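Colleague: Turn these sequences into a full structure, and let the hints guide you.
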Amino acid sequence: MQKTGMAVTGDEIAATGDMPTYQIRAPPTALPQGVVVAASPGSLHSPQQLAEEATRKRELRLMKNREAARECRRKKKEYVTCLENRVAVLENQNKTLIEELKALKDLYCHKAE
DNA sequence: TATCCCCGGCGTCATGTGAA
DNA sequence: TTCACATGACGCCGGGGATA
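Numbering of the first sequence is given in the UniProt record's numbering, commencing with residue 1 and proceeding in unit increments.
Hints are computed from structural coordinates only; laboratory data are not their basis.
Remember, predicted model here, so these are calculated numbers, not experimental data.
Check the hints yourself; a few may be wrong.
In silico DSS-like pairs for lysine-lysine, Cα to Cα no more than 27 Å straight-line [as the list claims (entries may be wrong)]: (1) Lys76 <-> Lys64; (2) Lys64 <-> Lys77; (3) Lys95 <-> Lys111; (4) Lys105 <-> Lys95.
Modeller: Here's what the structure looks like:
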């Protein structure tokens with residue numbers, strides 16, 4: 001089973017502290033190989049043809065859902081990575097602010113003396 | 001080396017949701 | 001209301017580390 005390419009580059013998830021705007025890929029313009037477009041319902045007659053049509057529809061649905069599930073997992077993973085990056089950024093900011101506060105307190109104490 | 005356990009990825013089904 | 005798509009839940013499978 002082939003893998004689809006990533007829609008978002010690493011740069012877009014860079015730890016800037018901002019939430020990235022996810023780029024959703026445009027839907028494929030052509031059906032994958034092996035998928036046969038169903039004949040129009042009016043051209044079906046025998047029970048066998050109906051059964052084949054039903055099978056074709058089911059396979060098409062399964063294939064689309066397979067792809068959708070992959071894409072969904074990819075996006076979820078990307079989202080989690082983004083959150084982890086944001087956590088790291090905020091932790092750094094917090095550390096910096098605490099140090100800054102400490103420095104200001106020291107300064108204030110020395111001036112007060 | 002064999003076995004166990006955990007984890008991540010996958011396919012499928014059921015269901016929610018928005019658009020036509 | 002119907003349809004297509006997105007996503008949560010579930011079970012299965014294979015890889016890799018830990019242990020006897």
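Colleague: List, from low to high, the hint numbers that the structure doesn't satisfy.
Modeller: none
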